[in-house]
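Protein chains: 2
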Amino acid sequence: MSSCPNPHEEHERVLLGHGAGGRLTAELLESLLLPAVGGFPAGPPEGPLEDAAPLPGRPELVMSTDGFVVHPLFFPGGDIGSLAVHGTVNDLAVMGARPLALSVALVIEEGLPLSELRSVAGSLGKAAREAEVPVVTGDTKVVGRGAADKIFITTTGIGTRIPGLAPSAARARPGDAVLLSGPIGLHGTAVLSTREGLGFEADIVSDSRPLHRLVEALAPVGARLHTLRDPTRGGLAATLNEIARDSGVAVEIDESALPVPGPVASACDLLGLDPLHVANEGCMVAFVAPSAAEAALAAMRSRAEGTGAVRIGEATAGPAGRVLMRTLVGARRVVDMPIGEQLPRIC
Amino acid sequence: MSSCPNPHEEHERVLLGHGAGGRLTAELLESLLLPAVGGFPAGPPEGPLEDAAPLPGRPELVMSTDGFVVHPLFFPGGDIGSLAVHGTVNDLAVMGARPLALSVALVIEEGLPLSELRSVAGSLGKAAREAEVPVVTGDTKVVGRGAADKIFITTTGIGTRIPGLAPSAARARPGDAVLLSGPIGLHGTAVLSTREGLGFEADIVSDSRPLHRLVEALAPVGARLHTLRDPTRGGLAATLNEIARDSGVAVEIDESALPVPGPVASACDLLGLDPLHVANEGCMVAFVAPSAAEAALAAMRSRAEGTGAVRIGEATAGPAGRVLMRTLVGARRVVDMPIGEQLPRIC
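One line per chain: the protein sequences are A and B, in this order. In this text, residue positions in the first sequence follow this note's numbering: the first is 1, and each later residue adds one. In this text, residue positions in the second sequence follow this note's numbering: the first is 1001, and each later residue adds one.
Among these hints, one or two may not hold up.
[Unchecked claim] Derived Cβ-Cβ restraints for the label pairs, each shown as a range:
{"id": "1", "chain 1": "A", "residue 1": "Gly308", "chain 2": "B", "residue 2": "Arg1145", "range": "37 to 45 Å"}
{"id": "2", "chain 1": "B", "residue 1": "Pro1072", "chain 2": "A", "residue 2": "Gly222", "range": "50 to 58 Å"}
{"id": "3", "chain 1": "B", "residue 1": "Gly1111", "chain 2": "A", "residue 2": "Ala317", "range": "53 to 61 Å"}
{"id": "4", "chain 1": "A", "residue 1": "Pro59", "chain 2": "B", "residue 2": "Pro1035", "range": "34 to 42 Å"}
{"id": "5", "chain 1": "B", "residue 1": "Pro1072", "chain 2": "A", "residue 2": "Asp274", "range": "38 to 46 Å"}
{"id": "6", "chain 1": "A", "residue 1": "Glu30", "chain 2": "B", "residue 2": "Pro1319", "range": "57 to 65 Å"}
{"id": "7", "chain 1": "A", "residue 1": "Lys126", "chain 2": "B", "residue 2": "Val1329", "range": "53 to 61 Å"}
{"id": "8", "chain 1": "A", "residue 1": "Pro59", "chain 2": "B", "residue 2": "Gly1146", "range": "36 to 44 Å"}
{"id": "9", "chain 1": "B", "residue 1": "Ala1170", "chain 2": "A", "residue 2": "Ala257", "range": "52 to 60 Å"}
{"id": "10", "chain 1": "B", "residue 1": "Pro1163", "chain 2": "A", "residue 2": "Gly222", "range": "30 to 38 Å"}
{"id": "11", "chain 1": "B", "residue 1": "Gly1164", "chain 2": "A", "residue 2": "Glu12", "range": "30 to 38 Å"}
{"id": "12", "chain 1": "B", "residue 1": "Glu1216", "chain 2": "A", "residue 2": "Glu12", "range": "37 to 45 Å"}
Worth flagging that the hints you see were computed from the coordinates, not collected in a lab. Idealized CB from N, CA, C, for every residue including glycine.
Turn these sequences into a full structure, and let the hints guide you.
Laid out in structure tokens, this is it:
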């Protein structure tokens, strides 16, 4: 009706970017889903629909759920089955919790070869055994051809908080050291390269793996461990922006300290992607009090999944919510929250 | 290669019937999913991938998960949002548990009108508030057009066992009275009639509703309440067959006692369906010791959702696993486990 785009009209339908973990996802949550679903008087302090939350009246137990729709199902370093275990185990882990039990709900497209289903289910079971978390319950639904794409998996996890640890995205403080447990960009570029046949599959393997033992190794840091997050959808940029916003701090990181593997950098260059926006499934960001930074780094490096742990920056007093990167040429640039989809169906 | 059908070849791909809650679902679970996923040494006694299970080391807490793929999204008496709450609340309730917390994971097709999403989310929130269970955490994924059908919802629930109740599908005993809390066949025929435009929509309304308060009303029956189940996918026939198998008893029911509403009977006649195979979302089967039958019936009838409660039969000593119906003309017929899909995407 008008040549001027109307932001309301643009948003009348769900967009791919609404599921990308960036600003559009946050808008959908805050403007539609939370008001519609929320309002229960006894909701937890974080409010509903966060990634993980304590159970009402049982703060030692946390609950997390995640749907997995990765395409293709199989990629270097994993598949949708192992990813569905690692993703939920890690959402519990960054709440400072050990996984206690998992549930698995499958939505399968009619016609999926049983061999693929067996492979995915076997990989899921193997990942659960390796993480030492039992799958206690499940559900299977089948929809007609064309009504889903092969298989979607929703895993829900219950975890037990590790005594003495209470990390929260709202507990980062000015002066905190910002630590990263390993290289970034591997998962997203591995999946994308496989999907598009870009030829990086030989050089890039997803980092998908469970991180709860890395968190246990940090237990001696105790209350000085302020914040843990795994930078999945939206990448490190989204995670740092969320922590800066929720804690009311600024964050400064050094480009020179960022562990971006060469093949990831090449793939991102080719595709016009920012490695800071690419999803990871096996690394973790920690904000720790400066007095604990060296001990935390040493603890992370003591485990295989943390051998590449580095300090990438620090939290500062403000402006609240701002994330800056000191670039290789000595400038500073703002690290924005990704807006919408960069890599759909990456997890 | 051969003119003789090879059962193995027939089953090389996932069929719609694998998700219908009948014999094919059981086969898929037992021959493929449980062996692939299972094997964790500390699994619960029921084994993995049951509908609901106690948490390891915390038997007072139970966990249940269910994916909802109902088509269409809106039907008389509910929609996918309210159904996703009721289904999981009821899976907890029939374990003798009060719902403590829910998680919600959405897989949305790109292009879904935001108005439909708002309506579904609002209905989900309303159902959760009415059931007095908080939605504590969630997840949202978006897939491209054609990669899903509008929206799928997976809800996972944690419940607290009601002291003194320990119903189990394996605890039915010969002599038990078999009680049914209300009419059967409403949900499945309401959804099917809406989907196909059959014109029964004015007369048939889904029975979708939460049953946990009905279970609480049964608390005084205590240990004499042996088994509770909600006959969803596969209908009353599947539920009675599962209980007979798991408890090693036979079950005999009276056709004359079965509450089948007139419009449901008409719809089933027209469509060639057996009301015993049609899904319900708001009624419950109870096996109780004969000495408690009258008290249990009275307790159920004291609540709105149980006003239509009736005794439909009894458990007998055997043959184990056999379900028989005494028909209106005085004959007996075997009530079989449904094999595959009768009504796909009914929940």
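Right, here's what the structure says about each hint:
Restraint check, glycine 308 of chain A to arginine 1145 of chain B: a C-beta distance of roughly 39 Å satisfies the suggested window 37 to 45 Å. As the Cβ distance of proline 1072 of chain B to glycine 222 of chain A is approximately 53 Å, the hint placing it in 50 to 58 Å holds. The beta-carbon spacing between glycine 1111 of chain B and alanine 317 of chain A, approximately 44 Å, falls outside the hinted interval of 53 to 61 Å. For the pair proline 59 of chain A and proline 1035 of chain B, the beta carbons lie near 37 Å from each other, so the given range of 34 to 42 Å is met.
Distance hint check: the CB atoms of proline 1072 of chain B and aspartate 274 of chain A are about 41 Å apart, consistent with the given range 38 to 46 Å. Distance hint for glutamate 30 of chain A and proline 1319 of chain B: a CB-CB separation of about 59 Å, consistent with the stated range 57 to 65 Å. Checked against the given bound of 53 to 61 Å, the beta carbons of lysine 126 of chain A and valine 1329 of chain B, roughly 55 Å apart, stay inside it. For proline 59 of chain A and glycine 1146 of chain B, the hinted distance range of 36 to 44 Å is satisfied, since their beta carbons lie about 43 Å from each other.
Under the hint 52 to 60 Å, the C-beta atoms of alanine 1170 of chain B and alanine 257 of chain A, about 58 Å apart, fit the expected range. For the pair proline 1163 of chain B and glycine 222 of chain A, the beta carbons lie near 37 Å from each other, so the given range of 30 to 38 Å is met. Between glycine 1164 of chain B and glutamate 12 of chain A the CB atoms are about 52 Å apart, so this pair departs from the stated range of 30 to 38 Å. In this structure, glutamate 1216 of chain B and glutamate 12 of chain A meet the distance hint of 37 to 45 Å, their C-beta atoms being roughly 43 Å apart.
The structure fails to meet hints 3, 11 from the earlier list, while all remaining hints are met.
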